[in-house]
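> The primary structure of each chain is shown beneath.
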Amino acid sequence: MKIHKSKDISAFIPTASMADIAFLLIIFFMVTTVFQVDKTSVNLPATWERPTEIPRGAAFVVLAKLAGAGGEELVYKFSAGEDTSQIIPTGTEGLYFEVLNITSTNPLHPFVIKIDKTVEYKLVDEVLDSLRRAGAQDLILMTEQRTVSS
Amino acid sequence: MKIGKKKDSVEIPTASMADIAFLLIIFFMVTTVFSATKGLDFKLPKDEDEPLETETIEAVYIKVMPGGGVLVDQQPMNLDQILPYLQPKLERWPDKPVILYTVPEAQYGDMIAVYDVLKQAPKQIGLDVKGIAIPTYKEIEQYKQIFGYDPFG
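One line per chain: the protein sequences are E and U, in this order. Sequential numbering of the first sequence, starting at 1, is according to our numbering. Sequential numbering of the second sequence, starting at 1, is according to our numbering.
Quick caveat, the hints were computed from the structure, so don't treat them as lab data. Be careful, since some hints might not be right.
[To be verified] Which stretches of chain E does chain U cover? Using the computed rule of at least three CB atoms under 8 Å from a CB of chain U, they are:
1. 19-29
2. 50-59
3. 64-70
4. 75-81
5. 89-96
[Claimed, not checked] When the alpha-carbon atoms are kept at most 25 Å apart in a straight line, the in silico PhoX-like pairs for lysine-lysine are as follows:
6. E:K65 to U:K38
7. U:K96 to E:K117
8. U:K138 to E:K122
9. U:K89 to E:K77
Using N, Cα and C, we set each Cβ at its ideal position, and we do this for glycine too.
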């Protein structure tokens with residue numbers, strides 16, 4: 001007796017829901033995306049605790065060690081929150097006036113402190129003192145998430 | 001003679017929709033930043049504030065040395081010894097002030113490591129260190145002038 005061969009079933013990937021998945025992903029990324037106003041590469045200190053999310057519109061105060069013509073040099077940068085950060089050539093005094101511009105209208109405006117972990121603390125103290133004199137109150141010390149391997 | 005009219009079906013061309021959707025997904029995936037946008041909160045005192053009258057003798061003084069060494073009330077300690085030392089003091093006085101002083105030559109990362117330990121207190125010992133103060137060098141100078149001694153030795 002002959003045994004009939006079963007009919008071949010054509011193989012295909014169901015793609016009907018692909019558009020739904022794609023748009024779901026788009027909405028997710030649109031909602032969660034935060035465009036950083038400061039893209040300076042900084043060697044941030046790592047901490048276990050990082051309870052505070054940086055709010056949209058927060059101003060950035062950056063103190064970074066960047067490679068320059070004469071080796072590594074310290075750079076002060078500032079962003080009011082809406083635009084990209086700009087170098088402040090006058091250092092802490094320049095920062096003072098930039099911060100004062102903001103705190104004169106809103107003393108509770110949040111300021112993100114983004115400082116290289118290898119910077120000497122006396123320079124950090126000058127930055128904090130400038131902010132305090134300019135009336136800033138709400139600071140967020142930006143850190144990286146510390147992990148077991150780090 | 002009748003002229004036959006052909007009806008064109010109306011439709012939105014959707015052939016390129018998937019391409020556009022995936023292009024947008026890739027754009028948002030590349031630009032999204034999740035991890036680097038968090039930190040530790042810290043409140044600065046108002047500049048015009050009158051100096052608070054605190055019982056300075058009751059405060060815990062933490063001094064951060066270059067290289068990451070820590071002195072707590074003049075005693076050298078490791079980072080993991082700070083919270084067990086603070087626990088009985090905080091149980092007795094939950095608002096106990098902790099003054100964190102960092103030597104000028106120490107690194108910012110050394111100070112943040114100690115500040116991180118203090119912020120972990122609710123998880124580690126179930127108590128919150130509410131009164132963390134990080135005085136600036138100018139404030140310490142003023143303190144020395146008023147009280148006539150350096151609390152950080």
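> Work down the list of hints and note, for each, if the structure agrees.
Hint-by-hint comparison with the structure:
1. 19-29: holds (count 6)
2. 50-59: holds (count 5)
3. 64-70: violated (count 0)
4. 75-81: Coverage by chain U is violated for the region 75-81 of chain E (0 residues, Cβ < 8 Å).
5. 89-96: Our answer is that it is violated, as 0 residues pass the Cβ test (under 8 Å) against chain U, missing three.
6. E:K65 to U:K38: Judged against 25 Å, a Cα distance of about 21 Å means the pair holds.
7. U:K96 to E:K117: violated (28 Å)
8. U:K138 to E:K122: OK: K138 of chain U and K122 of chain E at ~11 Å, within 25 Å.
9. U:K89 to E:K77: Not satisfied, since the Cα-Cα distance of roughly 41 Å exceeds 25 Å.
Of the hints listed earlier, those the structure fails to meet are numbers 3, 4, 5, 7 and 9, in rising order.
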